[in-house]
Amino acid sequence: MKYRFLRSAVSGIALALFVASTAASATAKDTWTSVHSKNFTLVGNASEKDIRLVANRLEQFRDVFTRLFAGAKFDTPVPTTVIVFKSMSAYKPFNPGNNAGYFQKGEDVNYITLTSDATQNPFSVIYHEYVHQLVDNTSGNVPTWFNEGLAEYYSTFTIEEDRKVHLGELISYHLETLRSGKLYPLRQLFAVDSYSPEYNEGSKRGMFYAESWALVHYLILGNGGQRTPQLGKFIQLSSANMTVDEAVKQAFQMDVEGLQKELKSYIEGHTFRMQIATFERKLEFENEMSSNPLTEAEAQGYLGDLLLHTNQLKDAEPRLQQALQLDPKLAMAQASLGIVKMRQGQFSEAKKNLQEAVSGSSNNYLAHYYYAYVISRESMDSANMVRSYSPEDAATMRAELKKAIELKPDFPESYSLLAFVNVVTGEELDESIELLKRALMLSPGRQDISLHLAQIYFRQQKFDLAQQTLGPLRSAKDRRLQQQAEMLLASIKRYQDQMSQYNSARAAADQPALQRSDRTQVVVEGDKEPSANDLLRENLRPLEPGEQRIQGTFLKLDCDNKGVAYFSIQAADRVYRIRATALQRVQLIAYTPAPPEVSCGPRKSPENVVLTYRPTSDTKDAKAKIDGDAVALELVPKDFLLK
Numbered sequence: 051m052k053y054r055f056l057r058s059a060v061s062g063i064a065l066a067l068f069v070a071s072t073a074a075s076a077t078a079k080d081t082w083t084s085v086h087s088k089n090f091t092l093v094g095n096a097s098e099k100d101i102r103l104v105a106n107r108l109e110q111f112r113d114v115f116t117r118l119f120a121g122a123k124f125d126t127p128v129p130t131t132v133i134v135f136k137s138m139s140a141y142k143p144f145n146p147g148n149n150a151g152y153f154q155k156g157e158d159v160n161y162i163t164l165t166s167d168a169t170q171n172p173f174s175v176i177y178h179e180y181v182h183q184l185v186d187n188t189s190g191n192v193p194t195w196f197n198e199g200l201a202e203y204y205s206t207f208t209i210e211e212d213r214k215v216h217l218g219e220l221i222s223y224h225l226e227t228l229r230s231g232k233l234y235p236l237r238q239l240f241a242v243d244s245y246s247p248e249y250n251e252g253s254k255r256g257m258f259y260a261e262s263w264a265l266v267h268y269l270i271l272g273n274g275g276q277r278t279p280q281l282g283k284f285i286q287l288s289s290a291n292m293t294v295d296e297a298v299k300q301a302f303q304m305d306v307e308g309l310q311k312e313l314k315s316y317i318e319g320h321t322f323r324m325q326i327a328t329f330e331r332k333l334e335f336e337n338e339m340s341s342n343p344l345t346e347a348e349a350q351g352y353l354g355d356l357l358l359h360t361n362q363l364k365d366a367e368p369r370l371q372q373a374l375q376l377d378p379k380l381a382m383a384q385a386s387l388g389i390v391k392m393r394q395g396q397f398s399e400a401k402k403n404l405q406e407a408v409s410g411s412s413n414n415y416l417a418h419y420y421y422a423y424v425i426s427r428e429s430m431d432s433a434n435m436v437r438s439y440s441p442e443d444a445a446t447m448r449a450e451l452k453k454a455i456e457l458k459p460d461f462p463e464s465y466s467l468l469a470f471v472n473v474v475t476g477e478e479l480d481e482s483i484e485l486l487k488r489a490l491m492l493s494p495g496r497q498d499i500s501l502h503l504a505q506i507y508f509r510q511q512k513f514d515l516a517q518q519t520l521g522p523l524r525s526a527k528d529r530r531l532q533q534q535a536e537m538l539l540a541s542i543k544r545y546q547d548q549m550s551q552y553n554s555a556r557a558a559a560d561q562p563a564l565q566r567s568d569r570t571q572v573v574v575e576g577d578k579e580p581s582a583n584d585l586l587r588e589n590l591r592p593l594e595p596g597e598q599r600i601q602g603t604f605l606k607l608d609c610d611n612k613g614v615a616y617f618s619i620q621a622a623d624r625v626y627r628i629r630a631t632a633l634q635r636v637q638l639i640a641y642t643p644a645p646p647e648v649s650c651g652p653r654k655s656p657e658n659v660v661l662t663y664r665p666t667s668d669t670k671d672a673k674a675k676i677d678g679d680a681v682a683l684e685l686v687p688k689d690f691l692l693k
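First residue of the sequence shown: 51, per this note's numbering; consecutive thereafter.
FYI, nobody ran anything at the bench for these hints, they're computed from the structure. Note that this is a predicted model, so its numbers are computed, not measured. C-beta: ideal position from N, C-alpha, C; glycine also. The reader is advised that the hints may include incorrect statements.
Simulated pairs of lysine-lysine, DSSO-like, Cα-Cα distance not exceeding 27 Å [as the list claims (entries may be wrong)]:
id	residue 1	residue 2
1	Lys527	Lys232
2	Lys527	Lys487
3	Lys612	Lys155
4	Lys254	Lys214
5	Lys401	Lys155
6	Lys401	Lys452
7	Lys379	Lys458
8	Lys283	Lys314
9	Lys88	Lys283
10	Lys214	Lys232
11	Lys401	Lys314
12	Lys675	Lys693
13	Lys379	Lys299
14	Lys364	Lys155
15	Lys314	Lys364
16	Lys512	Lys487
17	Lys311	Lys512
18	Lys487	Lys379
19	Lys88	Lys458
20	Lys155	Lys606
21	Lys452	Lys88
22	Lys299	Lys283
23	Lys155	Lys136
24	Lys670	Lys606
25	Lys512	Lys155
26	Lys88	Lys487
Simulated DEER-style distance windows between Cβ atoms [to be verified]:
id	residue 1	residue 2	range
27	Asp125	Gln300	38 to 44 Å
28	Asp480	Asn171	48 to 54 Å
29	Ala674	Gly147	52 to 58 Å
30	Gln300	Thr642	19 to 25 Å
31	Asp671	Ser550	37 to 43 Å
When you get a sec, could you build the whole thing from the sequences and use the hints?
See below:
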């Protein structure tokens, strides 16, 4: 069987995919080597030959997976570092689960670890997780069952003589689970996400993985591969929020019960077969590799960074300190130690390490990114909210992120963080849109970046673009993103409705009286037409028991170092000082054409506002001249009068 046949068997899916340290591990006697292949950086104290064999195998897997999905673009802008240990004893301090190998995903770098003398195959779990990495970066809306089933399908990848590829080999423990237990109804399987008990509870998880694998296996290889194009269509329809029943009917030309029956028959039968493809040319990548010896300082730096990325901070710090004792100018170790210090809450120490890392002519893009990242986090409160950056900090972050982009233009996090800095400062929003678009080009599956983009569109009142961007997030795998998208969509609708009613009322004031049957239902005195002010008063947030509100000019927002903010509102009688212990909990509603950013400091153009608050009876508050606690801030037109 040639490559062309295998490609036709699975290419239909591509449509959906658019949519104090242990000295034994690294002693001075160890020889550490780095090998760079096209898509991986490998380091290890195994022999150079063994490291190159691992590199070749990973490149072969990636090449086969990406080439078999016609038209899909699988980029991996987040780098992947592979550490190959010479023995299980050398691997043990970095392998708390005693695994044959593992894949550690990260926003800045991914790690693969394994040993060259493993008694078990380390690659199945590595292949499984690497499939997730490729798929998730390409599409953020792939259903969980398909993502896991496809990863299991490819986890059995083997290759003979660098040409003959085996895929979809029978996984016996999955088959045993399926034949000894009760299958999930397909509607239940299709509804599973990362929050579901079927995905998280051990007693249920085994069946979920087994059935997901079996369904993908059947849809790719069953019936001679006839259902494979239908699988691609089904994933596409499901990702577009079509109901399960309708998606199954359109894609497979049958109902869900019919598909369930076919799957059950496939599992109970003896027709599981693997897929074999023989390539005309050998899949060899040796000529694309380069190798260099590593110093002990560099080795300790990699090991410390690995421990950092597996959240073993206590073990990471001494490794990184040792690396810097051996080489004080080692930028990678300085940068990683800076992140350790940041996570420990030692921001001044973190910045010292990162300043050292970026000093001189550092070409380490992550050092520049990390420096900006630490500064961005220093001002955040316990809820990860930041109200403002000083001009000096903003300038430093922009400079470091632009340097990081210059050094590595395909790293999406630099673009995303630079856009975030601009949003906080309220500057260069048009540039921020382009930055986020660039990040999404590099990582189309990053739905968190899509949400950030939609928020900027909303601030600019580009509601159509915001709604278009938010649409796919309504079925996001992360429920928090779903909720945030729904809230923003609701805010857009509420704002548009309120502005439409308000503008209609203003226009009606200059026109002859409308017929009673056409009037907006607003209670007003007498029989006169409701004015714009009348309508807006009706649309203001209703007062809850114990609340009061004032109208006035928003003068400034004072912020202290404990995360507490104070609104200064100039009302008709005096200046009110209203406290906000958590600014993000204060409801912000705008009835003005351009809702401004509410940030700390004096208002450049003081706005006309209605502020709702709960009065305080605390004597300490009275002495501090605090009138109460803020509930909502509503920005209203300049000519609006509350009474």
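Here's how the hints hold up against the structure:
A threshold of 27 Å between alpha carbons decides the hint, and for Lys527 with Lys232 the separation of about 26 Å falls inside it, so the pair holds. Using a Cα cut-off of 27 Å, the hinted pair Lys527 and Lys487 holds, with the two alpha carbons roughly 21 Å apart. Among the hinted pairs, Lys612 with Lys155 is inconsistent with the structure: their alpha-carbon atoms are about 34 Å apart, more than 27 Å. A threshold of 27 Å between alpha carbons decides the hint, and for Lys254 with Lys214 the separation of about 36 Å lies outside it, so the pair is violated.
Proposed proximity of Lys401 and Lys155 is supported: the alpha carbons are some 25 Å apart, at most 27 Å. A distance of roughly 18 Å separates the Cα atoms of Lys401 and Lys452; the hinted pair therefore holds under the 27 Å criterion. Restraint check: the Cα-Cα separation between Lys379 and Lys458 comes to about 21 Å, which is no more than 27 Å; the hinted pair holds. Between the alpha carbons of Lys283 and Lys314 the distance comes to roughly 22 Å, so the proposed pair stays at or under 27 Å and holds.
At roughly 32 Å between alpha-carbon atoms, Lys88 and Lys283 are farther apart than 27 Å, so this suggested pair is violated. Taking the CA atoms of Lys214 and Lys232, the gap is near 36 Å; set against the 27 Å cutoff, the hint is violated. Pair hint Lys401 plus Lys314 does not hold up; C-alpha atoms about 59 Å apart against a cutoff of 27 Å. A threshold of 27 Å between alpha carbons decides the hint, and for Lys675 with Lys693 the separation of about 26 Å falls inside it, so the pair holds.
Taking the CA atoms of Lys379 and Lys299, the gap is near 63 Å; set against the 27 Å cutoff, the hint is violated. Of the pairs offered as hints, the one joining Lys364 and Lys155 holds, with about 20 Å between alpha carbons and a cut-off of 27 Å not exceeded. Pair hint Lys314 plus Lys364 does not hold up; C-alpha atoms about 50 Å apart against a cutoff of 27 Å. Annotation: proposed proximity of Lys512 to Lys487 holds, straight-line Cα distance about 15 Å (limit 27 Å).
A hinted pair counts as satisfied when its Cα atoms are at most 27 Å apart, and Lys311 with Lys512 does not qualify at roughly 48 Å. This hinted pair does not check out: Lys487 and Lys379 have alpha carbons roughly 36 Å apart, beyond 27 Å. For the hint pairing Lys88 with Lys458, the CA-to-CA distance comes to about 15 Å; that is within 27 Å, so the pair holds. This hinted pair does not check out: Lys155 and Lys606 have alpha carbons roughly 43 Å apart, beyond 27 Å.
For the hint linking Lys452 to Lys88, the alpha-carbon distance of about 25 Å falls within 27 Å, and the restraint holds. Taken as a hint, the Lys299 and Lys283 pair is honoured in the structure, with Cα atoms around 11 Å apart against an allowance of 27 Å. Among the hinted pairs, Lys155 with Lys136 is consistent with the structure: their alpha-carbon atoms are about 23 Å apart, no more than 27 Å. About 22 Å separates the Cα atoms of Lys670 and Lys606, which keeps this hinted pair within 27 Å; it holds.
Our distance criterion of 27 Å between C-alpha atoms is broken by Lys512 and Lys155, whose separation comes to about 35 Å. This hinted pair checks out: Lys88 and Lys487 have alpha carbons roughly 26 Å apart, not beyond 27 Å. In this structure, Asp125 and Gln300 break the distance hint of 38 to 44 Å, their C-beta atoms being roughly 30 Å apart. Against the hinted window of 48 to 54 Å, the Cβ-Cβ separation of Asp480 and Asn171 comes to about 52 Å, which satisfies the hint.
Our hint of 52 to 58 Å for Ala674 and Gly147 holds, since their Cβ atoms are close to 53 Å apart. Taken as a hint, the range 19 to 25 Å is violated for the pair Gln300 and Thr642, whose Cβ atoms sit roughly 45 Å apart. For Asp671 and Ser550, the Cβ-Cβ distance of about 40 Å falls inside the hinted range of 37 to 43 Å, so the restraint holds.
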